[in-house]
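J.: I would like the entire structure built from these sequences, with the hints used as guidance.
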Amino acid sequence: ETGVTQTPRHLVMGMTNKKSLKCEQHLGHNAMYWYKQSAKKPLELMFVYNFKEQTENNSVPSRFSPECPNSSHLFLHLHTLQPEDSALYLCASSQDIDRNYEQYFGPGTRLTVT
Amino acid sequence: QKEVEQDPGPLSVPEGAIVSLNCTYSNSAFQYFMWYRQYSRKGPELLMYTYSSGNKEDGRFTAQVDKSSKYISLFIRDSQPSDSATYLCAMSRTGTASKLTFGTGTRLQVTL
Numbered sequence: 001e002t003g004v005t006q007t008p009r010h011l012v013m014g015m016t017n018k019k020s021l022k023c024e025q026h027l028g029h030n031a032m033y034w035y036k037q038s039a040k041k042p043l044e045l046m047f048v049y050n051f052k053e054q055t056e057n058n059s060v061p062s063r064f065s066p067e068c069p070n071s072s073h074l075f076l077h078l079h080t081l082q083p084e085d086s087a088l089y090l091c092a093s094s095q096d097i098d099r100n101y102e103q104y105f106g107p108g109t110r111l112t113v114t
Numbered sequence: 001q002k003e004v005e006q007d008p009g010p011l012s013v014p015e016g017a018i019v020s021l022n023c024t025y026s027n028s029a030f031q032y033f034m035w036y037r038q039y040s041r042k043g044p045e046l047l048m049y050t051y052s053s054g055n056k057e058d059g060r061f062t063a064q065v066d067k068s069s070k071y072i073s074l075f076i077r078d079s080q081p082s083d084s085a086t087y088l089c090a091m092s093r094t095g096t097a098s099k100l101t102f103g104t105g106t107r108l109q110v111t112l
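So the sequence lines, in the order shown, correspond to chains A and B.
Each residue of the first sequence is one higher than the one before, starting from 1 at the first, in our numbering.
Each residue of the second sequence is one higher than the one before, starting from 1 at the first, in our numbering.
A few of these clues could be false.
[Unchecked claim] Cut-off 27 Å, straight-line C-alpha distance, at most; resulting in silico cross-link-like pairs (DSS-like, lysine-lysine):
1. A:Lys52 to B:Lys2
2. A:Lys52 to A:Lys40
3. A:Lys36 to A:Lys52
4. B:Lys2 to A:Lys36
5. A:Lys40 to B:Lys99
6. A:Lys22 to A:Lys41
Bear in mind the hints are in silico, worked out from the structure with no lab data behind them.
T.: This is how it looks when you write it as structure tokens:
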């Protein structure tokens, strides 16, 4: 595997379900990011981790819970989501947060909340 | 006023044309300027980044930054159907607390 991978690629979940999104980067980077991409809106930064430490929570509702066990892996735990949370969730990485201008993205998880 | 403005398109051009994609911004503190290409159902792919003003060239792609006008451009020469995608501009300040601010993207269609 190369670059940034994300699983699953597609996810349909009910409002009462609990699910997790997984991201793995094979670039030796130390910073990882979660973004939300909705139609006709700019990418919204959700969370930032640098050397496994969370450095930013961009006012994200608590039904989204990130986890970064090491510099290569990032999870987004989902719980009691709303239909408006349906979007493409993108993971990205960079060498560290000082080099956030050079981010590499995964293919995303297309999430549908029913 | 949005921090970054980008015409959503779609922009349709014939194969071989020179394409000009643009973004304007309002925050004069931005120092890094990025262009990403995103194919349908894929994640964004970094094409190039530029620091401060000036030009940067990579193959058929040229990025220009005019900080005095708060205007950035991406030129694609000899456009190909494989260039059909959405192009996102992004920018950031320097410093560890900075984050990327994205435009909404311009959809480009290169026709045969």
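J.: Run every hint past the structure and note whether it holds.
T.: Hint check results:
no., hint, in the structure
1, A:Lys52 to B:Lys2, "violated (32 Å)"
2, A:Lys52 to A:Lys40, "violated (32 Å)"
3, A:Lys36 to A:Lys52, "holds (20 Å)"
4, B:Lys2 to A:Lys36, "holds (18 Å)"
5, A:Lys40 to B:Lys99, "holds (20 Å)"
6, A:Lys22 to A:Lys41, "holds (23 Å)"
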